[in-house]
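The primary structure of each chain is shown beneath.
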Amino acid sequence: MGGKAPKADNSAIVQQQQADAAAAAAKEAARQQRLSQGLASIKQAFEGTPVTKDTTSAYDWSKFNPADVGKYIAAGGTGDQTDPTQYGLPSGYKVGMVTPSTGVSTPSTKAAYGSGAPSASSWGNNQLSYKSPAQLGAARAPGAASVWGVTDPSGKTTIPGSDLEVTTQTPTGETTGGFDQPFYDKYKQGILDYYMPQVSDQYNLARNELTYRLARAGTLDSSAAGTDVADLAKQNTLNEANVRSQADTAAGDLRTQVAGEEQKAVSQLYATEDPEVAANQATSAVRDISLQQPNLSPLSAIFNVADIGGANILKGYQGQNFLNTFKNVASNTSGRNQSVKTGNG
Amino acid sequence: MCDPTVLAIGSTVAGLAGTAANTMGQMSAANRQQDAYNQWVAQQEKNRQAAAAKDEQDRQMADAARAQGLQDVSATNQTTEQQAEQARLTGYLQGNQPASTTTNPNPLVPTSVADAALSGQKQDADSTFQSDLSAKLNKASSDAKQRIAALATVGSYGGSSGGLDVSNALNFAKAGQGIDLANEFRKGNLSVYGIQQAANPLQYQYNPSPLSPLSSTALGFGSQGLGQSLAKAMKVN
Chain Y
1 MGGKAPKADN SAIVQQQQAD AAAAAAKEAA RQQRLSQGLA SIKQAFEGTP VTKDTTSAYD
61 WSKFNPADVG KYIAAGGTGD QTDPTQYGLP SGYKVGMVTP STGVSTPSTK AAYGSGAPSA
121 SSWGNNQLSY KSPAQLGAAR APGAASVWGV TDPSGKTTIP GSDLEVTTQT PTGETTGGFD
181 QPFYDKYKQG ILDYYMPQVS DQYNLARNEL TYRLARAGTL DSSAAGTDVA DLAKQNTLNE
241 ANVRSQADTA AGDLRTQVAG EEQKAVSQLY ATEDPEVAAN QATSAVRDIS LQQPNLSPLS
301 AIFNVADIGG ANILKGYQGQ NFLNTFKNVA SNTSGRNQSV KTGNG
Chain C
1 MCDPTVLAIG STVAGLAGTA ANTMGQMSAA NRQQDAYNQW VAQQEKNRQA AAAKDEQDRQ
61 MADAARAQGL QDVSATNQTT EQQAEQARLT GYLQGNQPAS TTTNPNPLVP TSVADAALSG
121 QKQDADSTFQ SDLSAKLNKA SSDAKQRIAA LATVGSYGGS SGGLDVSNAL NFAKAGQGID
181 LANEFRKGNL SVYGIQQAAN PLQYQYNPSP LSPLSSTALG FGSQGLGQSL AKAMKVN
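The listed protein sequences correspond, in order, to chains Y and C. First residue of the first sequence: 1, per this note's numbering; consecutive thereafter. First residue of the second sequence: 1, per this note's numbering; consecutive thereafter.
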C-alpha cells in the first residue's frame, strides 16, 4: 500500500531550461567572437593592416603558468589551457604535456636538483643541467610524469627553464591599406593643385597690373615701386599659405568623416552582430569615402593692386598739379627776376 | 470462523505497515527535494559568481578604454599634440613639407616678364634700387612668415588635419568603441545570466498508492477490534 518511488515531475521542463541556458551561453560566446572579428575587420578596412617584422628573443618562462590556467578553468572560467597565446607564445607553438626524454631541450642552468632527482641514467648527459622542481615550477623531472612543455613549429620540444628562442611578429608602427597618411596627402595635394595655379595666375596678373600702373604714374624705378612689389609678394605668400591651410583643414574634415563612417560600420555591426554584413558595410563606406571629392570653387580676386596703382596715379596727378600751380605762381612773380626751371623747361 | 482477536491483530499490523510505507515514501521525497534544491542553489551560486566575474571583466575593459581616452585628451597630451601640430603646420604652410608643393615654389621671384624691371632683374638697374627692393622683399618675407606662424598656431588648436578638434574627436571615438564593445559583452552576458536564473529546480512529489486509504481503515478496524478483545478479557463476572 506504499506509493511509488519519488520522481521529479518537472524534469523535462528543467532539462529544457538548462539546455536553453547552455545554448544561450554558447550563442553569446559566438556572438562576442563575431563582434571581435567584425571590429577587427572594420579596423583593418579603415586603419589598414599593421606591418610587422620578425623579432627573435629568449622566452620568458615566468609567463608559462599552465597550473594557474587550470585553476581558472576549475573555477568556472573558459579557455584552452593549451592555447599558446595566453603564455605570450606565437600561435605556431604548441603547449601540452610532454615526457622529457632524449630530444627534449633541457634547462641550461646547472643547479642542485634536490631529493627528487631522478637517476642519472634517465637524464643521460644532461643530468647536471636541470633545475630543481621548485625552479621549474609546474614542470617535473624527466623520468617522472609528463610535464607541461612547449613545442616549436619545427617540432622541437622544450620544458620550462630551458633556453627557448621565440620568433614573434612585432608591429613596426606602419600600416598597409586603409586610410593612411598618403591618402590624406593626396587629397590635400588635389586641392592645392586646383587652387595654387589660380593663385599664381592672379599673382602674375597683379604684378603686370602693378607694373603698368606704376609706369603710368611714372614711378617705375622709385622706392615706392619697391614697396609695392614687396607688398604684393607678401600678399602672395599669405594667399598661398591660406590655400594650404584650407587644404589641410579639408583633410582634417575628411579624417573626421572617415572616423564617422567607421563608427557607422561599428554601429551596424552591433545591430546585426554579423561580421560579414559589417565587412560589406565597411567596404561600402570605404568606397564612398574614396569617391569623396572636395567642393572646389574658383577663387575670387585675392590680390589687391587697385590701392597700390590708384595711390600712385593719384600721387602723380597731385604732383603734376602742384607743379603746374607752382609754375603759375612763379610766372606771376617774374618781376622779382626769379625763375623756376621745370622739367619741361 | 476466525478469531476476532486474530483478525484485529492482522488488520492492525497491515494498517501499521501501510502507514509506515507512506511515511517513508514522503520522507524520501522530501530528502530528494532537499537535494534538488541544494543542487539548484549551488548551480545558481556558480552562475552568479561566473556572471559577476564576467561583468567585472567587461567593466574593467570599458574602464580601461575610458581611462585611455581620458589620458589621450589630458591637458599634457593635448599640449604635446598641439605643439607637434603647430610645428608641422608652420613648415607645411610655408611649403616645406609633403603635400604642400605649389606650382609657384618661390613666390618671391617674380615670374612676370613685364615686371622684371621691378625686381632688379633688369641688367642696368640702379644698385640703390636693387638693394632697396631686396631689403623690402626680405622684410615682406619675414612679415609673411610671422603671420603664417600665427596661422599655424591657431590652426593647431582647431580644425587642421592634426589639430585638437580632429585629434580629440578621434580619441573620444576610439575610447567610445572600447566602451561600447564592453557594454555589448555585458549586455549579452547579463542576458545569459537571466536565462540561467530562470531555470527551475527539480520538483519531487510523493504520490501515495491508491490503496493507501485502506491502511488507515485497516489500522482503525484493527485497533478497534483489539480494544474490544482487551475489554472482554478484563470483564469482571
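I should point out that these hints are in silico values taken from the structure, not numbers from a laboratory. Treat each hint with caution, since some may be false.
[Stated by the list, open to error] DMTMM-like, lysine to aspartate or glutamate: derived pairs with alpha carbons at most 20 Å apart:
| no. | chain 1 | residue 1 | chain 2 | residue 2 |
| --- | --- | --- | --- | --- |
| 1 | Y | Lys7 | C | Asp35 |
| 2 | C | Lys174 | Y | Glu174 |
| 3 | Y | Lys27 | C | Glu184 |
| 4 | Y | Lys53 | Y | Glu174 |
| 5 | C | Lys174 | Y | Glu47 |
| 6 | C | Lys136 | Y | Asp221 |
| 7 | C | Lys136 | Y | Asp231 |
| 8 | Y | Lys94 | Y | Glu174 |
| 9 | C | Lys187 | Y | Asp221 |
Okay, the hints, checked on the actual structure:
1. Under the criterion of a C-alpha separation no larger than 20 Å, the hint pairing Y:Lys7 with C:Asp35 is consistent with the structure, at around 13 Å.
2. Restraint check: the Cα-Cα separation between C:Lys174 and Y:Glu174 comes to about 18 Å, which is no more than 20 Å; the hinted pair holds.
3. Taken as a hint, the Y:Lys27 and C:Glu184 pair is honoured in the structure, with Cα atoms around 14 Å apart against an allowance of 20 Å.
4. Straight-line distance between C-alpha atoms of Y:Lys53 and Y:Glu174 comes to about 11 Å, which keeps the hinted pair within the 20 Å bound.
5. Taking the CA atoms of C:Lys174 and Y:Glu47, the gap is near 12 Å; set against the 20 Å cutoff, the hint holds.
6. At roughly 14 Å between alpha-carbon atoms, C:Lys136 and Y:Asp221 fall within 20 Å of each other, so this suggested pair holds.
7. Under the criterion of a C-alpha separation no larger than 20 Å, the hint pairing C:Lys136 with Y:Asp231 is consistent with the structure, at around 8 Å.
8. Proposed proximity of Y:Lys94 and Y:Glu174 is contradicted: the alpha carbons are some 29 Å apart, above 20 Å.
9. Of the supplied pair hints, the one linking C:Lys187 and Y:Asp221 is violated, its CA atoms being roughly 80 Å apart against a limit of 20 Å.
In this structure, the hints that do not hold are numbers 8, 9, in rising order.
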